[in-house]
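Given next are the chains, with one letter for each unit.
There are 2 protein chains.
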Amino acid sequence: MEAIEALLTRRSIRKFTDQPVTDEHVDTILKAAMYAPSAGNTQPWHFVVVRDRELLDMVPEFHPYARMILQSPVAILVCGDRDLQKFDGFWIQDCSAATENLLLAVHGLGLGAVWLGVHPRPERIEGARKLFDLPDNILPLSLIPIGYPDESKPDPERFKPERVHLNKW
Amino acid sequence: MEAIEALLTRRSIRKFTDQPVTDEHVDTILKAAMYAPSAGNTQPWHFVVVRDRELLDMVPEFHPYARMILQSPVAILVCGDRDLQKFDGFWIQDCSAATENLLLAVHGLGLGAVWLGVHPRPERIEGARKLFDLPDNILPLSLIPIGYPDESKPDPERFKPERVHLNKW
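Sequences listed follow chains A and B, in order.
For the first sequence, numbering that gives the first Met the number 0 begins at 0 and goes up steadily by one.
For the second sequence, numbering that gives the first Met the number 0 begins at 0 and goes up steadily by one.
Next up, chain A with everything else stripped away, as it sits in the complex (with noise of 0.2 Å):
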């Protein structure tokens, strides 16, 4: 798939088949992710990649958008390390920035998913610290069903010409 392409057609994605998800396609994944950019390319991130499914069908009692992950084989927590941060406060958009090319892996790949926020919600960051054994300064940004699409869906044109400035407000 071309990069623009990929770019204008990516789309959450939270119905998935049973086919299973292998462990290359998953290397692919968290190497794009880890090729993002991050402020003074400290890279300050860690993923945990979840298989078991005891784990995954206990996500819903902490986070009240993730029924989906009952269906997926698979799912990537993306963190900060607080140690690893050189640059104050710039991890969420680090770990963001490697979100969405996680999510644009997947999608180039032919798979699908749907990036679930966790931080700033205390109660979910709570519950994915418990649930994986995260230590103190391991922060959770988000979580990230992944499967093959069961579902299509049609462009949403979500380009505003409003939302452009030219050189100042």
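To be clear, the hints were calculated from the coordinates, so they are not data collected in a lab.
There's no promise every hint is true.
If several chains are the same, the list does not tell them apart, and a pair holds so long as it fits within one copy or across any two.
Claimed, not checked - With a Cα cut of at most 27 Å, we get these calculated BS3-like pairs of lysine-lysine:
hint, residue 1, residue 2
1, Lys152, Lys129
2, Lys85, Lys167
3, Lys167, Lys152
4, Lys129, Lys159
5, Lys152, Lys14
Predicted model, so just to flag it, every value in this text is computed and none were measured.
Dock chain B against the given chain A, drawing on the hints supplied.
Here is chain B on its own, set in the frame of chain A:
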């Protein structure tokens, strides 16, 4: 350019040739940015396209890492809109995803760019607010100088297997 290749070869470009960037390319870049995911699909973003040479040249007065903007023919300021946000605190992630889409579109078109962090540094936020006449509800996140690359960079080999965890930390 193929999507996965684009993700793995995008780099921060800080040297630009004199070649101008067309309005058509800028439109494609903005469209890609607006197709980013956002919390609850709120799309809480605005974009200031800066082509005015005088404005571009004043950016280094408030941003310490922005000297390359003296050579770039155009820059885009990515902003969040507090009034468009439905899910408190998610605008940073939303606008970061839009910024990353923007950078990938730039790269996919054969252009180059670099992510200059604005939020959460107060002096950069205020500098951008004054220079670009931003209203109080508009929160500048990042500033992206764009042009034709006058440098090429080798593969940085960023994949770090020690940052990957299976099922639990």
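| field | Structure versus earlier hints - violations, ascending order | value | 1, 3
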